[in-house]
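Q: Okay, here's what each chain looks like letter by letter:
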Amino acid sequence: MLLIYCPHCQEYREEEEFSYGGEAHIMRPLAPDALSDKDWGDYLFFRTNARGIHHEMWYHAVGCRRYFNATRDTVTYEILETYKTGTQPTITGANS
Amino acid sequence: MSQNRVASHTGAAIDFTFNGKAYQGIAGDTLASALLANGVDVVGRSFKYARPRGIFGHGAEEPNAIVQLGSGAGTVPNLKATQIELYQGLQASSVNGWPSVNFDLMGLIGAFGRLMPPGFYYKTFMYPKKLWMTYEHFIRKAAGLGATPVEADPDSYDKLNQHCDVLVAGAGPAGLVAAREAARTGARVIIADEQSQFGGSLLASKQQVDGIAAPLWVASLVAELMAYSNVQMLPRSTVFGYYDHNFLTILERRTDHLGAVSTCGTRQRLHRVRAAQVVLATGAFERPLVFAHNDIPGVMLASSVSTYVNRYGVAPGNKLVLFTTNDNAYQTALDWQGTGREVVAVIDSRRNPCGEIVAAVAAMGIEVIAGHGLIEAQGGKRVKRALVAPINEAGTQVTGAVRRLDCDLIACSGGWSPAVHLSSHTGAKPQWDENIVAFRPGNSKQQERSAGACRGTFDLQGCLSEGASAGADAALLSGYGDGSPQFPQIAVEEYIEEPQQALFLVPHTKPTSRAPSQFVDFQLDVSASGIELAVREGFESVEHIKRYTALGFGTDQGKLGNINGMAILANALDQTIAETGTTIFRPAYTPTTFGAIAGRDVNQLFDPERYTAVHRWHVEQGAKFEDVGQWKRPWYFPQQGETMQQAVDREGLAVRNSLGILDASTLGKIDIQGPDVAEFITRIYTNSYLKLAPGKCRYGVMLKEDGMIFDDGVCACLGDNHYLMFTTTGGAADVLAWLELWQQTEWPELQVYFTSVTDHWTTATVSGPNARRVMAKVCTDIDLSNEAFAFMDWRDGTVAGVKARVFRISFTGELSYEVNVPAHYGRHIWETLIAAGEEFNITPYGTETMHVLRAEKGFIIVGQDTDGSMTPADMNMDWVVGKNKAFSFIGKRSLQRSDTVRANRKQLVGLKTLNAKEVLPEGAQVVFDAEQKIPMAMQGHVTSSYFSASLGHSIALAVVKGGHDRLGQVVYCPLADGRSIAAEIVSSVFYDPKGERQHV
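In the order they appear, the protein sequences are chains A and H.
Numbering follows this note's numbering, with no gaps: position 68 of the first sequence is 68.
With positions in the second sequence counted from 1, the corresponding number in this note's numbering is that position plus 10000.
If we strip away everything but chain A, and leave its shape as in the complex, we get (with noise of 0.2 Å):
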C-alpha cells in the first residue's frame, strides 16, 4: 500500500485515501470535431504505459477531494514527487 503526499494537504496520507487517476499531463484537444479518427483515438486510447519513470493523475477522494500529479516509478512504485495540477515535474525519466 503506497503513502502519498498529498501536495494541497501537505500531508502524508494512506493509499486508500485516493484513486488514481491515470496518465498525467494530456491535454483534451482544443477543437476534437477538427481531429481525424486516428488523432482522436490517440488522445482517447493511447497511452504511453512507461516502464520507470510515469507521471500520473492522483485524486484526493476521501481528503481535500484535490486532483494532483506524481511522478511515479512503474518498476519500484516509487513516488519520486507530487505536484498541483498545472505545474511541472522536476524529475523526468528519458520516456518523458
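Bear in mind the hints are in silico, worked out from the structure with no lab data behind them.
Hints may contain errors.
Said to hold, decoys possible - Keeping only pairs whose Cα atoms sit at most 27 Å apart, straight-line, the calculated DSS-like set for lysine-lysine is:
1) A/K38 x H/K10892
2) H/K10704 x H/K10961
3) A/K38 x H/K10961
Given chain A, work out where chain H should sit, using these hints.
A: Leaving out everything else, chain H in the frame of chain A:
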C-alpha cells in the same frame, strides 16, 4: 514419562489427541515435540505418492507434519504441528491419508511412483478435455488438503493500524540486540517473532552468552526490553508481508495457544504497520541433504534434533547417524550424546574435516566417517539403517563399497539458507554467495537492512554485532541516536568453523534416474530425478521448472527444498546456481487466516449502510429492502400475505390510477455554484443549459470522452449562478469526481464549485393522477396549476410548514411532484403526505415498482439498460444530444467515430413476448433463429424485464443489433433449460407513447 522424554525435562502434563488417539505432553511442548516424545513416527502422507512421512523440522519450514486442528466451526486446516503450542484437550488429525495415515489406500499410488513423473497430470488427465473436471475432482480429494469448516467462524478478529520508527522482524540474537540499540535512542520500536518465546536459536542453544546460559541471557534481555515504554513486543506474531513504502503486515496469534476457539477475546490480530525503518532478523533454515529415501520417518534436520533435545527435552529416537557437509551440525552429535543415547557415527562428506568441533566430537569417542556420503536410508515407517559409501571429492560419485549402519534416526545438514523471504517481498533479488553456499538478501529496495543469519552471518558473535549495528543504523535513519551501537560487545563461546562443502544431491550407486527417490520437496513429492527429467523435456527457466514439477508449491513454500532443487537444476543445465537464479518469494511468508485479513469487516460491518431519514418508517411498514450502492432502499411494501409480484402489481396500479409515494432521497444531489456553472455543465452534459432559466429543470445525459453514457439525471437552475444536479443513486460519487476532474485539470479558468448535498435532503415523490390534489392539501403558497407550474419546472415553497423545493419531474410518466426538504424534516413531510393522501389511497412503492413504471415508459436506467458501451443514439435518445453547441462537449467527437456510427450496433428496443404472461429473464441472450446449432449467433440481450399490471402483459427492454430497424420482427431468447421464448420487437415506450399523462 513418554518414551522419548529426557528425564530431566519436566512440566505440567497436557492431554491431547492425535488421529483420535490420546497422548500426553507437557507444558511448553509444541504438538510436534509432544508427538515425538510419544514416539509417533508417521504424522502424514505425502501429497502425490501418499508415502508415510514423519516430523522433519521444528518450525515454519516443516513440510510433513501438516494437521487439521479442532473440529466443527472452529476447525483449522493445514497447520504445521511444529508451530502449534500444545494446550489441554487439543485435537489434531493428519490432513491426508485415508482411511488412516498408517494404512493409506492411496499409498498404492506410491508403489507406482515411477508412473507419475512431473507433469503427469498435464500429460495424462488433460485428454479428453471434457473429463478434466472429473479427474481434477478426484485428484483434489485424493490429495487431501484438509477440510475447511462449513459453519461460520465462531471467533472474532481485528486489525490494528500502527506506525513505528523501527520494526524488527525476528527476535533471535540479532533481532533482540537490534531492538535494544534502537529502543535506547527513544525510537518507537516494534519487535515481532513468530514463536511463543523470544530468543530464536538461542532457546535451544547450549552456548554461554555473556557468561550465562543462552536462554538465561535471552530472558534478561527480554526483561530489559520490556522496561522500555517505547518498545512494543509481539510474540506469536509473524511478519508475513513486506509491501510498498515500508508497509508490513504482522499476524498476531493471541489465543491460538489456549484453545481451538477463543474464550477471551480476539483470536488473531492483523497489525498493519507503516515503519520508517525495518531490521530483518528472520534467521535461516537448515538445508536437508538429498539422498535416496530421505523422506522415511526418522530423517530430520540436525538443528531440529538439537532443538527437540535441548529446548523440549525430547530425544526422537535411540541410535543417531548424523550426516553433514559442515562443522555446525556436529553440535547435534554432542547434544545427542548428552541424552545418553547412542551416536552411531558422523558421516561427513568432506575429505578432511578439521574444525574445532570435529575434534571435540572425535574426542567423545564418536566415529567420524569422513569423505563419505549417506547415500540411502532404509526402512518402512521408520528408519532402520543408513547406507554409507565413500564419495569423490566433488560429491558426484560413489567411489567404494557400501557400508550399512543400523540406526533409527538420521540427522542431516547441508548448511544453512538465510530466510530472505521478507527482503524478497520488496523486490530485492537474492544473490548467490559461493562462500556460504547460499543466497543472501539482494540490494535493499526499501528502508530495510538484514542482520544475522538471514544475511548469511551464521556465527553468534557476528549475529550479535550485526544486530547491534543494524538497530543503531535504523534508529539513526528514523531520526534517533547517532548510529553507533552503545552497548558493550557481548562475550560468546563458540567454535570457529571450517568451510562447508556444497553438496546438493548425494550420489547413489545407481544413476539418479534409477536410484530410489531422492526427495527435494517433501510436501509435493518432487524428487531429484523429476527435476532432471523436466530438464530433459526441455524446461530451462527456474520459474517454469517450478510450475512443471510443483517444486516449492506446498504450504511450506519450499522453505527446505528450493535451494537444493535450484542447485540440481543448475547442474542439469550445466550452469552455475547464480546463473540459474531463484524463484521469487511473495507474501505471505506463512499461511495466514482469512479471518485475520477480514478482521471486523464482516457481516453488518462488511460495508457501511446508508439510510434515508424515512428509513425507520419503511421498516415499520414491513418494507423489503434492496441494496443500491451502500443505500438500503425499500424494494416493495408487501401487505399481509402478498407475494412480491402481487405487491408490485398493487403498487404500480395505485400510481397509474390514483397516487403513489416514493422515497427518492438516495438520488445523488450535487450543489453547483459559481459564475461559470452554465458553461461548465453544458460542456459536461450532451444538451445545453446556457438558456435554462431559474425555476426550470432539464434532463441530461453525461458521456465519457469515448461517447458512452455514464450517468443521467435532471439538473435544475436554482439561480443565475446556482444549479442543483441530480445523479443516479449509485453514480453520485463518480459524478462528483468527474466534475472535479474536468474543472481542476482541464478548465481551471471556469469558476465553479461543487458540494455533495445528497444526505442533506429528503425527497418524497408523489406520483399519479391525484398528485396535484394531495399537494394542494399540504402546500398553499405555490400555484400548482399546470399553467403556473408546468412539467419540468421547480418552485420554492412551504410544504406542511417546512421550506421546500418542489420539482415537477417524473420517472413514472404520471403527474409527479418531488418534494425536497432538509433531511431533518424528512419523516414529518413523509407522514404528512401519507395522511393527506389517505383519501386517494396513497400507496408507498419501492424500487421494483419504480423500475416497472419507468420501463413501461421506456425510460432507461444507466447501468442496467446501459453497460458502458452504449451511446445516446443506441438508446434511441438522439433528442438529448445538442447538435449546435459551441463547445465540443465531453464525448461529442466520439459520437462520430467509425465504430459509433456503424450500422448494426446494439440498440434499445422493447420486447413483447408472444405469450403475454411469460416474463423473460433479465440477461437472456437474443437470437434471430432458435433452431440454429450451438454456439448460436448472439444478437443482443435483455436488459430489463417485468410483468406490467397496467398493461396486462410482460414487457422487456433489450439491446439488439440493428434493433431500431427491426420493429415487428420476432426474436428468440434461448434459455439454459433448453426452452426458447419468442418475443416481438416493439417500441421501447409501452405506455402513454405520447407522454401526455405527465403534462396534465
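Q: Now look at each hint and say whether the structure bears it out.
A: Do the hints match the structure? See the list:
1. This hinted pair checks out: A/K38 and H/K10892 have alpha carbons roughly 15 Å apart, not beyond 27 Å.
2. The hinted pair formed by H/K10704 and H/K10961 meets the criterion: a straight-line CA distance of about 22 Å does not exceed 27 Å.
3. Between A/K38 and H/K10961 the alpha-carbon distance is near 25 Å, which keeps this suggested pair within the 27 Å criterion.
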